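**Q** Take the given structure of chain G and dock chain B to it, following the hints.
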Amino acid sequence: MEVKVLGACCAKCKATYSIIEKVVRENDLDVTLSKVTDMAEIVKYNVMTLPAVCVDGEVRIKGRVPSESEVKALLGV
Amino acid sequence: MIQQFADWMVYGIFGLDATAPHGTAVNFFVYDTIKILLLLFLISFLMGLVNAYFPIGRLRQYLLTHRLYGLDYLLAALFGAITPFCTCSSVPLFIGFVKGGIPLGVTLTFLISSPLISEVAIAMFLGSFGVKATFVYVLSGTLLSMAAGYLLGKMRLESYLCEWVRNAQKQSNAQSEQWDTGNVSFAGRLPVIVGDSWGLVKKVFPYVVIGIGIGACMYGFVPEGFFESVLSSHKWWGVPMAVMLAVPMYANPASIVPIVEVFVAKGIPLGTAIAFMMSVIGLSMPEATMLKQVMTWRLIGIFFGVVTLLIILSGYLFNCLL
Numbered sequence: 001m002e003v004k005v006l007g008a009c010c011a012k013c014k015a016t017y018s019i020i021e022k023v024v025r026e027n028d029l030d031v032t033l034s035k036v037t038d039m040a041e042i043v044k045y046n047v048m049t050l051p052a053v054c055v056d057g058e059v060r061i062k063g064r065v066p067s068e069s070e071v072k073a074l075l076g077v
Numbered sequence: 001m002i003q004q005f006a007d008w009m010v011y012g013i014f015g016l017d018a019t020a021p022h023g024t025a026v027n028f029f030v031y032d033t034i035k036i037l038l039l040l041f042l043i044s045f046l047m048g049l050v051n052a053y054f055p056i057g058r059l060r061q062y063l064l065t066h067r068l069y070g071l072d073y074l075l076a077a078l079f080g081a082i083t084p085f086c087t088c089s090s091v092p093l094f095i096g097f098v099k100g101g102i103p104l105g106v107t108l109t110f111l112i113s114s115p116l117i118s119e120v121a122i123a124m125f126l127g128s129f130g131v132k133a134t135f136v137y138v139l140s141g142t143l144l145s146m147a148a149g150y151l152l153g154k155m156r157l158e159s160y161l162c163e164w165v166r167n168a169q170k171q172s173n174a175q176s177e178q179w180d181t182g183n184v185s186f187a188g189r190l191p192v193i194v195g196d197s198w199g200l201v202k203k204v205f206p207y208v209v210i211g212i213g214i215g216a217c218m219y220g221f222v223p224e225g226f227f228e229s230v231l232s233s234h235k236w237w238g239v240p241m242a243v244m245l246a247v248p249m250y251a252n253p254a255s256i257v258p259i260v261e262v263f264v265a266k267g268i269p270l271g272t273a274i275a276f277m278m279s280v281i282g283l284s285m286p287e288a289t290m291l292k293q294v295m296t297w298r299l300i301g302i303f304f305g306v307v308t309l310l311i312i313l314s315g316y317l318f319n320c321l322l
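First to last, the protein sequences are chains G and B.
Numbering follows our numbering, with no gaps: position 2 of the first sequence is 2.
Numbering follows our numbering, with no gaps: position 134 of the second sequence is 134.
Hints were generated in silico from the structure; no laboratory data involved.
Check each hint, because a few of them may be wrong.
Cross-link-like lysine to aspartate or glutamate pairs, in silico, DMTMM-like; alpha carbons within 25 Å at most [stated by the list, open to error]: (1) Lys22/G to Asp56/G; (2) Lys22/G to Asp196/B; (3) Lys72/G to Glu26/G; (4) Lys203/B to Glu21/G; (5) Lys203/B to Glu70/G; (6) Lys202/B to Glu68/G; (7) Lys202/B to Glu70/G.
Derived DEER-like restraints, expressed as beta-carbon distance ranges [to be verified]: (8) Thr296/B to Lys14/G: 22 to 30 Å; (9) Ala25/B to Ala11/G: 30 to 38 Å; (10) Glu68/G to Met1/B: 33 to 41 Å; (11) Val59/G to Lys132/B: 42 to 50 Å; (12) Thr24/B to Ser18/G: 37 to 45 Å; (13) Ala73/G to Leu321/B: 48 to 56 Å; (14) Tyr62/B to Gly57/G: 24 to 32 Å; (15) Ala15/G to Gln61/B: 26 to 34 Å; (16) Asn27/G to Arg298/B: 20 to 28 Å; (17) Ala18/B to Val77/G: 52 to 60 Å; (18) Thr296/B to Ala11/G: 27 to 35 Å.
Note that the structure is a prediction, hence the values are computed from the model and not measured.
Heads up, the beta-carbon is just placed ideally off N, CA and C, and yes, glycines get one too.
Okay, chain G solo, but in the shape it has when bound (with noise of 0.2 Å):
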C-alpha cells in the first residue's frame, strides 16, 4: 500500500504523518510512506485544505488530523 501526507509544513501535518507513522509501525504494515511538500504537487490532488492523506492515489482524509482509530481503518488494520 501506498500512502502520502499532503502538506508537511504546519503542525497539524507533522501530527498525521506520525499518526501514520506509528500506526504502520506497531502493526507492521506493508506500507510505503511518504511526504509530499511541494505545493505544485499537492494541488494536482484536488485538495483545498491541509494535510491530507491520500492512499493508493485516492486522497482519504482532508483538512485535519485523523484519529489513530480512524488511520487503523484506512489502512485495515
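**A** Then chain B, alone, in the frame of chain G:
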C-alpha cells in the same frame, strides 16, 4: 454557575482567603479561563457544524455556478471567517479558487478574512469585551476583507501571480465535479466535530494561560495611562503606529486578546486596540512566505499594503463611532 465553581475551587479546594488580594486574583484567573474555554468549545463546535454541512468545496462550486453581483465577496468573507485552516493550506485553497475561474478579488477576500476573523478571537472577545465589541470586530473584519478583495480585484494583478499559477488558472473546469463528495450521517459526524472542538480547546489552552499571564503582569506593572500617552486617540498617529508595530508580529489570537484587554483597560481606544489585534493575527511573515509560492513579492507587497491601509482606516472609524 462558573463563578460558583471558581469560588468552590479557589476558596474551598485550594483554601485561599476570599478577602486577600491573591485569593481574588486566582479566583478571577480561574473564572476567566473557564469562561473562555467554554466559549471556545461552543463556538468551534458551531463552526464545525457549519463546515460539516457546507464544506469549502461546495462554496467553491456555488461561487463558480452562480452570478452573484458582488454578493460573492460577502460569501467569501463569511466563509473565510468560519473556515479554520492552517497557513500552509492557503496555497491549495488559493489555487483551488482561482483555477476554476473565481475572480482573484473574491479569492483574496477569503484569504484575508480567514486569519483575520478567527473562532478563537471571537470566543476570547466575547469573554473579555462582551457582545457589542465582538460584533464590531466581526463586522469590521468582514467589511474590511470585502473592501480589500474588491480593491485588489480592480487593480488587475493577475500578471503578478507566479507563472505556474497563471497556467493553472487557464485550465478548464472539467474536473470540478470531483472536488467534494462524501455523505456521512449526522450521527457519524458528530463525534468528529466534538473531537475537533475539544482538540482545539486543548491546543489553545496553553496560549490562553500565557496570554492571561502576560496580561496580568502588564496590568500590574504598566503604569496607569502609559499607553494613553503613546497611543491615545487624541493623537492622529495612534492607529497607524499600533498597526505598523503589529504587522510584522505574529501571535496566537488566544494570547493576543488578553493583552489587548489590558491595552484597553490602560486607556487605549477600542478601535486602536482592534486594529492592533487584526494586524497581529491577519498579516504575518509566515503568511507572506507561504504566499510567495503563488505570488511575486510585488503582489504580496500590494496585498499587505492594501490590507494594512484598510485596517488603519477601520481603526479610525471605530474610534469615532465607539
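**Q** The structure should be examined with respect to each hint, and the outcome stated for every one.
**A** Tested hints:
1. Lys22/G to Asp56/G: 19 Å, holds
2. Lys22/G to Asp196/B: Roughly 21 Å separates the two Cα atoms, so the pair holds.
3. Lys72/G to Glu26/G: Holds, because 11 Å separates the two Cα atoms, which is no more than 25 Å.
4. Lys203/B to Glu21/G: With a Cα-Cα distance of about 22 Å, the restraint between Lys203/B and Glu21/G holds, given a limit of 25 Å.
5. Lys203/B to Glu70/G: Holds - the C-alpha atoms of Glu70/G and Lys203/B are around 20 Å apart, at most 25 Å.
6. Lys202/B to Glu68/G: 17 Å, holds
7. Lys202/B to Glu70/G: Since the Cα atoms of Lys202/B and Glu70/G sit roughly 20 Å apart, the hinted pair holds (cutoff 25 Å).
8. Thr296/B to Lys14/G: 22 to 30 Å: 29 Å, holds
9. Ala25/B to Ala11/G: 30 to 38 Å: Check passed, 32 Å falls within 30 to 38 Å.
10. Glu68/G to Met1/B: 33 to 41 Å: 35 Å, holds
11. Val59/G to Lys132/B: 42 to 50 Å: 43 Å, holds
12. Thr24/B to Ser18/G: 37 to 45 Å: 43 Å, holds
13. Ala73/G to Leu321/B: 48 to 56 Å: 53 Å, holds
14. Tyr62/B to Gly57/G: 24 to 32 Å: Hint holds: Cβ distance 28 Å, inside 24 to 32 Å.
15. Ala15/G to Gln61/B: 26 to 34 Å: Given a distance of about 29 Å, which is inside 26 to 34 Å, the answer is holds.
16. Asn27/G to Arg298/B: 20 to 28 Å: At 50 Å between Cβs, range violated.
17. Ala18/B to Val77/G: 52 to 60 Å: 54 Å, holds
18. Thr296/B to Ala11/G: 27 to 35 Å: 28 Å, holds
Checked against the numbered hints above, the structure breaks only hint 16 and satisfies the rest.
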